[in-house]
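> The listed protein sequences derive, respectively, from chains Z and U.
Residue numbering for the first sequence follows this note's numbering, starting at 1 and increasing by one per position.
Residue numbering for the second sequence follows this note's numbering, starting at 1 and increasing by one per position.
If you are wondering where the hints come from, they were derived from the structure by calculation, not from laboratory data.
Computed from a predicted model, the values in this text were never measured in an experiment.
Here a beta-carbon is modelled for each residue, glycine too, at the ideal position from N, C-alpha and C.
Please note that the accuracy of each hint is not assured.
Said to hold, decoys possible - Just some of the chain U residues that point at chain Z, by a computed CB distance under 10 Å: (1) Arg158; (2) Phe291; (3) Val293; (4) Gly323; (5) Ala333; (6) Leu366; (7) Asp376; (8) Leu378; (9) Pro579.
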Amino acid sequence: MSKKLLIPLGIFVVLCAFLLVGLWRDPREVPSPLIGKPAPPFNLTQLHEPAKSLGPADLKGQVWLLNVWASWCVSCREEHPLLVELGKSKVVPIVGLNYKDETVAGKRWLAQNGDPYNVSVVDRDGRVGIDWGVYGVPETFVVDKAGTIRYKQIGPITAEALEKKILPLIRELQKS
Amino acid sequence: MIPELGHFALILALLLAGLLGTLPLIGAHRGIGAWTALARPLAAGQFLFIAFAFGCLAYSFVNNDFSVLNVATNSNSQLPLQYRIAATWGSHEGSMLLWVFMLGAWTVAVALKSRHLPDEMVARVLGVMGLVALGFLLFLLLTSNPFDRLFPPAADGRDLNPLLQDPGMVFHPPLLYMGYVGFSVAFAFAIAALIGGRLDATWARWSRPWTTLAWSFLTCGIMLGSWWAYYELGWGGWWFWDPVENASFMPWLIGTALIHSLAVTEKRGTFKAWTVLLAICAFSLSLLGTFLVRSGVLTSVHAFATDPRRGVFILAFLALVIGGSLVLFAMRAPKVSGGGRFEAVSRETMLLANNVLLIAAAGSVLLGTLYPLFLDALNLGKISVGPPYFDTVFVPLMTPLVFLMGVGPLARWKQATLPDLWQRIRWALAVSLVTALLLPFAAGTWKPMVSFGLLLAAWIVTTTVVNIRERGRGVRGGIVAQLARQPNSYWGMIVAHLGIAVFIIGVTMVKGYETERDVRMSVGDKVTVGGFTLRFDGTSETRGPNYRAARGSFDVSRNGQHVTTQFPEKRVYNAGGMPMTEAAIENMLTGDLYVSLGEAVDGGAWSVRVYHKPFVTWIWAGCLLMALGGLLALSDRRYRVAMRREAGVAGGAAARG
Numbered sequence: 001m002s003k004k005l006l007i008p009l010g011i012f013v014v015l016c017a018f019l020l021v022g023l024w025r026d027p028r029e030v031p032s033p034l035i036g037k038p039a040p041p042f043n044l045t046q047l048h049e050p051a052k053s054l055g056p057a058d059l060k061g062q063v064w065l066l067n068v069w070a071s072w073c074v075s076c077r078e079e080h081p082l083l084v085e086l087g088k089s090k091v092v093p094i095v096g097l098n099y100k101d102e103t104v105a106g107k108r109w110l111a112q113n114g115d116p117y118n119v120s121v122v123d124r125d126g127r128v129g130i131d132w133g134v135y136g137v138p139e140t141f142v143v144d145k146a147g148t149i150r151y152k153q154i155g156p157i158t159a160e161a162l163e164k165k166i167l168p169l170i171r172e173l174q175k176s
Numbered sequence: 001m002i003p004e005l006g007h008f009a010l011i012l013a014l015l016l017a018g019l020l021g022t023l024p025l026i027g028a029h030r031g032i033g034a035w036t037a038l039a040r041p042l043a044a045g046q047f048l049f050i051a052f053a054f055g056c057l058a059y060s061f062v063n064n065d066f067s068v069l070n071v072a073t074n075s076n077s078q079l080p081l082q083y084r085i086a087a088t089w090g091s092h093e094g095s096m097l098l099w100v101f102m103l104g105a106w107t108v109a110v111a112l113k114s115r116h117l118p119d120e121m122v123a124r125v126l127g128v129m130g131l132v133a134l135g136f137l138l139f140l141l142l143t144s145n146p147f148d149r150l151f152p153p154a155a156d157g158r159d160l161n162p163l164l165q166d167p168g169m170v171f172h173p174p175l176l177y178m179g180y181v182g183f184s185v186a187f188a189f190a191i192a193a194l195i196g197g198r199l200d201a202t203w204a205r206w207s208r209p210w211t212t213l214a215w216s217f218l219t220c221g222i223m224l225g226s227w228w229a230y231y232e233l234g235w236g237g238w239w240f241w242d243p244v245e246n247a248s249f250m251p252w253l254i255g256t257a258l259i260h261s262l263a264v265t266e267k268r269g270t271f272k273a274w275t276v277l278l279a280i281c282a283f284s285l286s287l288l289g290t291f292l293v294r295s296g297v298l299t300s301v302h303a304f305a306t307d308p309r310r311g312v313f314i315l316a317f318l319a320l321v322i323g324g325s326l327v328l329f330a331m332r333a334p335k336v337s338g339g340g341r342f343e344a345v346s347r348e349t350m351l352l353a354n355n356v357l358l359i360a361a362a363g364s365v366l367l368g369t370l371y372p373l374f375l376d377a378l379n380l381g382k383i384s385v386g387p388p389y390f391d392t393v394f395v396p397l398m399t400p401l402v403f404l405m406g407v408g409p410l411a412r413w414k415q416a417t418l419p420d421l422w423q424r425i426r427w428a429l430a431v432s433l434v435t436a437l438l439l440p441f442a443a444g445t446w447k448p449m450v451s452f453g454l455l456l457a458a459w460i461v462t463t464t465v466v467n468i469r470e471r472g473r474g475v476r477g478g479i480v481a482q483l484a485r486q487p488n489s490y491w492g493m494i495v496a497h498l499g500i501a502v503f504i505i506g507v508t509m510v511k512g513y514e515t516e517r518d519v520r521m522s523v524g525d526k527v528t529v530g531g532f533t534l535r536f537d538g539t540s541e542t543r544g545p546n547y548r549a550a551r552g553s554f555d556v557s558r559n560g561q562h563v564t565t566q567f568p569e570k571r572v573y574n575a576g577g578m579p580m581t582e583a584a585i586e587n588m589l590t591g592d593l594y595v596s597l598g599e600a601v602d603g604g605a606w607s608v609r610v611y612h613k614p615f616v617t618w619i620w621a622g623c624l625l626m627a628l629g630g631l632l633a634l635s636d637r638r639y640r641v642a643m644r645r646e647a648g649v650a651g652g653a654a655a656r657g
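Put together the whole structure using the sequences plus the hints.
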């Protein structure tokens, strides 16, 4: 057997090895440059009480979640039941960032699907989203007591991510 | 009940595929006639059950059976009938079923159209295809059952992704899969020939029409996908170098190399090992494409669900099929080398060079597609490879390819001489150069890349003219009579090559001269793009079967003359509430006017995007010409004559003709 004829096989074996490794990676897991950095400040009106506003400064001293959502977002429906569960358990305050949405549509959506948020704030033109490096809805950030971003979930929260990553992290951060 | 019947039919098909993948192969090896004879009936039976299962799934979709998970997640009671049918292959499970269905259909087609082949060969070819079907049926049944039930049943379905609710999407996947899966025939012939040790010119002749047919389907499938992206995604791009697009483009490039290589093997008896390797590669890349799309190892705009279990299964299958074939190739190929000799300047050399260039192109697409994955696997960080890489790599590869495309068909087999060739092509070269230098002035501004693109297109056209003139120069009759005698396969080549020229013109003009305006428009506002003036006449509410839409009205005029009125839409689908842009496109021979509505701004104003895309339809027209060329070559009468002759010999009857 001539060695030359084994070249295609060799290339293929190497390719397979890479594909196998690739299978266990999540291509969507993009490291966020904001992790470990202070949460970008904002001061936005609240969805249900437009007279009041809220910002990260108001939440200093506690661990909290920022969940980016919108009534037009399909994947948000996927993660919503999990968020509602989490909201009921009162483990951690959840702030909703209602991203590029109509106020009426947003309120109606929460009335229909359940409202897991302690407060939702309105980011009508998406400016705060830009500061936070949001590039798809939904996204979820874990912010610690000092106001530092510690974790970012891109795309819908899955039961697995919640159990294995987000909740353990929250518990740990709450202890410190 | 119907879904259970479908499921059961799939299991039966799996059993038959298992038999088809073993008995005829053993029969051919040991010379057991009864076992080889089983190949055809088994192929037919397998197809029957797969078709039945496919029918069952379509039935569930058409009748809105939301107790089937697949239907509930991908259809909706308000969805129009044609899209409910198309939704059958709109999901992962459904599209894999379509894959298997196509494979079954190709297998049966081979079984029916191979009466003139030796029984042993047929048994091996069908057996190999049966093994492939076995793998995919197992994949369906173990990891992606399309008939899974949902309990309690959903009240209504979640609806088909609005992006897929489009006529282009009804036909794109079936055509693409016809191409992908069609390469399995060439693959099966190659493997059968390797197993049987009969790698001669007859093998090439048998598998050539199948390969050409698959290639034509693939060309149409890719074209439809590109066209769909153009008018449906709302920003006027026609090719994105997205991993899923690349997955279909790689088999196309190798397939193109394969049909040329097959021609050499059939006519000259050379390149045998090379052709076999290409046949294996073309189908392997189809499988790899399926893996890339279905396993979620790469991110893409086509975002499919990620399930590592599925990925592992396909990867294992891939390793088995491709690895096994390559081992077989390494073992058996040395026996088949040899064949006619040829000189450094000859048509063989040029075709070989073109093949190498096509493979290099496919290799660079593969590298660009998998590079992010390589880096990630080696922990070197996350990157994405975009169009700049592909554009940079492709132009240098395509330039010599196009040059050889012009000269190759003019060069003699075995031995050609440079002075003679130069004599024949110098006018073509001169005319091309002048055209390329002057034509851009007619379009307005002279740009080097436009001139270069036009040079390539003009080169193909002029050398084709030289070719036709030389063919028409005969002893008997005039040029028309002489040309009428040329076989269809010759005209197939001419049409396909001209298709490339048309395609290049389209790409060059769009890249060089497209104009785009992003404006905020209130009622009565005007915008001018590419010589056309558009006046915004406001929006109105409309309703579709399963959506609401704001419909804009734009009056288009040129030099004060009314041309047409365009109605782009912004739709919101009832289920899911996903907003969708439906662009309005005015197709013209010399360019498209493309209007899409952005967001509503306050006071009845809208953000509007308007493009003028010169000659963009030529891109798809070129692809259609290529596919048409393939079909024309298929209609060549020598295939039918050869089939009849071989049938006569095989049947022991008196040879006719």
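> For each hint, tell me whether it holds in the structure or not.
Going down the list of hints, with the structure as the test:
1. Annotation: Arg158 (chain U) was flagged as interfacial toward chain Z, and the flag holds, the nearest CB pair being 9 Å apart, inside 10 Å.
2. Because the closest C-beta pair between Phe291 (chain U) and chain Z is about 7 Å apart, less than 10 Å, the hint holds.
3. The restraint placing Val293 (chain U) at the interface with chain Z is violated, with a minimum CB-CB distance near 13 Å, outside the 10 Å limit.
4. Checking Gly323 (chain U) against chain Z: minimum C-beta separation of about 6 Å stays under 10 Å; hint holds.
5. Taking 10 Å as the C-beta cut-off, the interface hint given for Ala333 (chain U) holds, the closest approach to chain Z being about 5 Å.
6. For Leu366 (chain U), the suggested interface contact is upheld, since its CB lies about 8 Å from the closest CB of chain Z, less than 10 Å.
7. Residue-level restraint check for Asp376 (chain U) holds (minimum Cβ-Cβ distance to chain Z is 5 Å; threshold 10 Å).
8. The criterion of a C-beta within 10 Å of any C-beta in chain Z is met by Leu378 (chain U), whose closest approach is roughly 9 Å, and the hint holds.
9. Of the supplied interface hints, the one on Pro579 (chain U) holds, with its beta-carbon coming within about 6 Å of a beta-carbon of chain Z, less than 10 Å.
In this structure, only the earlier hint numbered 3 is contradicted, and the remaining ones agree with it.
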